[in-house]
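> As you go down the protein sequences, you meet chains A and B in turn. Per our numbering: the first sequence = residues 1 to 254. Per our numbering: the second sequence = residues 1001 to 1062.
Keep in mind the hints are simulated off the structure, nothing from the lab. Note that the coordinates shown come from a computational prediction; the quantities given were computed from them, not determined experimentally. Take the hints with a grain of salt, since some may be wrong.
[Said to hold, decoys possible] Derived CB-CB ranges, DEER-like:
hint, chain 1, residue 1, chain 2, residue 2, range
1, A, GLU125, B, LYS1035, 47 to 53 Å
2, B, ALA1060, A, LYS105, 50 to 56 Å
3, A, ALA128, B, THR1061, 37 to 43 Å
4, B, ARG1050, A, GLY180, 28 to 34 Å
5, A, MET220, B, ASP1047, 41 to 47 Å
[Stated by the list, open to error] Once the Cα atoms are required to be at most 25 Å apart in a straight line, the calculated SDA-like pairs of lysine to any residue come out as:
hint, chain 1, residue 1, chain 2, residue 2
6, A, LYS68, B, ARG1050
7, A, LYS201, B, THR1039
8, A, LYS169, B, THR1061
9, A, LYS159, A, LYS136
10, A, LYS159, B, LYS1052
11, A, LYS34, A, GLU247
12, A, LYS55, A, THR80
Beta carbons are placed, not taken as given, at the ideal position from N, Cα and C, and that holds for glycine.
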Amino acid sequence: MPHLKELNTKYRDRGFELVAVSAEKSDKVEPFVKDKAIEYGVVLYSNIAKDYGLKGWPSAWVVDPEGKVLWAGNFIDRVTDAEWEAWLEQVTPGKVGREVAKELKPAAKAFDAGEVGKAQKLAEEAAAAATDDLVKADADFIQGLVEKHRVAHQGKIDKAGSDAVAKAKALDEAAAKFKGSELGTKWETEAKELKKSKEYKDCSASADELEKVRGKLEDMKPSNARKALEKIAKKYPETPAGKEAAELAKKYEE
Amino acid sequence: MIKHVAVLAAVAALFAASAQALGVGETAPNFKFEKSWNTPEGFDELDDYRGKLVLVEAWATW
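From just these sequences and the hints, can you work out the full model?
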């Protein structure tokens, strides 16, 4: 499903999550997820058709942060970029969207330009220097917007779990957005240290090797495919790609 | 006559289906994942996604 992949890539750092629900058996879905190297969330729930009053496959629902349905239909690729932007604005606003006291103008300008870390720092400084409650309220408002972005990025970093490559990528993206703040520096350091670790090097090398083999699997004799996959699995028993290779190798057992 | 009954039944079936279908403004029913891949750590039901914008897509491999 190329459009799901596209949506995931485009909006994943903005508090967007994809839940692709299948009512099929795990042994039907798992190969699909692995073989196509799907990165978005895929789940099994056998009662989805009944619970959601399904009218044909595929069916889709866009659900807001409070759990309310914003959109329902069969063709999610017909939703326009403008509609997505309007919905995402609720989760991780891209613009301050209101007038602020002159003390907060620089922070608002930075925020509107996508420099969230810089905005955070400027809002903090303005709040510390403020004697006026209105100025304080505006600083709080901008810090609230920044917080939504922090939560979205932290979620992305946590989601990567033990996948060091995915985690480094999420940390890089978060650090870029929060450049100029303490948090941005912290994430940048974490990314640098992670990339120096053996864990990361193994994770990255095993993913590369698996990618190479994956492209050739169909042209290989099953016994050779199994051997190639088992080699990766044995060399990198702890990495996600190594574990995936072990799983894939089972398919070529007979 | 049989034709008319069939058409009526089809229309009624459509109505029944659309009456149950989850629509805009309603709360998305929670469900526990029987299995999951690539979901955030510790997320095992739809309600764990509160605070995010979520696309729930019912799909099939066929």
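> Okay, which hints does this one fail, numbers in order?
3, 8, 9
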